[in-house]
Structures are given as C-alpha cells and as structure tokens.
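Participant: Use the sequences and the hints to build the structure in full.
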Amino acid sequence: MFKKLFLLFLLLCTFLYAKENPSKEWLNLQSGRIRVFFHDKDFNAAKKYLKISVESSEKMAKRLGASLPEEVRIVIAGSQNEFDKLTGGVIPEWGAGAARPADRLIIVKSPSFYDRTKSAEKVITHELSHILLAYLTDNRIIERWFDEGLAQYQSGEGGINSIVSIGRAVVTNNLIPLDNIDYVLQFQREKASLAYAESRAAVDFIVRTGGQKSIRNLLSEMSAGKNLNDAIYSEMKMNVQDFQN
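With our numbering, letter number 156 in the sequence shown gets 156, and the count goes up by one each step, no holes.
Careful: at least some of the hints might be erroneous.
To be verified - When the alpha-carbon atoms are kept at most 20 angstroms apart in a straight line, the in silico SDA-like pairs for lysine to any residue are as follows: (1) K59 to G156; (2) K47 to P111; (3) K213 to D230.
Hints listed in this document are in silico derivations from the structure and should not be mistaken for laboratory results.
Facilitator: The structure is reproduced here in structure tokens:
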C-alpha cells in the first residue's frame, strides 16, 4: 500500500512540475548572450528576432563602448493575454514591447496577433537599449526621457513625424516638460508619441552639441555613480533645464 501511495505521489509531483515549469511550454534558440523563448507557431519570428538581437547588440557595443550582460532573454508572447501577464498589465495598447532590465528580460508581441507599426528591428533594438542602460547604471532609476531618448537614438526611431509632432506642440504651447515623461505609460497614444519625440530630440541635442562621444562619456559617468543631471553638467557645462529651454 505504501509503495502504491508513494508512486502516486511521485506522479502527482511530476504532473505539477510539468504544469508550472515554463520549459515544458516554451521553445528557445540561443546565440551568444541572447536567448529567445517562443511558442512553436513563432519559430520563424524567433529566428529573425535572434538574428536582429545579435546584430543590434554588436552595433550598440561598438557605438557605446559597452556590451550587454551575460545573458538577455527575449520572450515572444503568443497572445495579448500572455503579453499582459508577462508585463504585469502595465503596457498600454500602443506598446509593442517591454523590458524588465533587472531581470535582463524583454517581452515582445508575436507577429501572429500584433500588427506592428514599427519594424521588429526597431522594437528589439529599443528594448535592448533599456537593458544595456540599466546594466551600466546598476539598475538605478534613470530619468525616463533619457532612457527612452537613447533607446530611440539606438533604434533609429523618430523621423519627420516626430519633427511635425514637436513643431505642432511648440505652436500650441503643449510641449511636455521632460520630467513629466516619467509618466509616459499613462499617456494616450498621441501624447505618448510627443513624449517619445521630445526624448529623442533631447538626446539628439546632446549628440549635436558634444558628438557621439558625449553619449559614451555620459554613460561612463553614470556607470561610475553620477546621476544624470550631474553627468550632463560635467560633460556639457549646462543642466537639463538649460537645454530644455
């Protein structure tokens, strides 16, 4: 009797483990420091995203003089419900992806249910930038405008639509103070687009003023423990309020 009960207990434990262990539900591909988790239907997307991730991380390493941490995981959520669960439901409908930098984790929507307005390359590069910045600054809280602006600078997002958006906001006196961009995930799509445009413009200003090396220098100073405002003053001899005006 005891033997039968013991075997039944083992079978029950095995069933519960299989149910809770994500490795039973996810496939994965890896190259270097990047590992992509996906469902069977997204195999082709996973191969594409892995290639994009490796190439983008190499470009960022050359541009910024810094590499990604030991392993970065990218999860392709198979449905909106799964995406919401993985991100805690905090990403608005206009969001294509999300990063959990402390966990070295990126969650993106499967192309099977998400009609992207941005290319996969831009989405993934954007999120990789968040991971890298958090890694370099030991997961300290960094002003959102710089985090988002740097991510867009790395991914090449922006363009004429951003210029038009900022121009319209200037004319109507509706520019968003950079500090308020911390709340971008609470914005509706149009206001969020303006917030991202302003963030990119601010980072572009830093690059135009001090060159590409200025971004490297800022990251180096923040990596050494300085906050963003002090790093900007050290590099540019002005504070954020100066160039915001």
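Participant: Run every hint past the structure and note whether it holds.
Facilitator: Hint check:
1. K59 to G156: Holds - the C-alpha atoms of G156 and K59 are around 12 angstroms apart, at most 20 angstroms.
2. K47 to P111: holds, 13 angstroms
3. K213 to D230: Distance of about 17 angstroms is within 20 angstroms: holds.
In terms of the numbered hints stated before, the structure departs from none.
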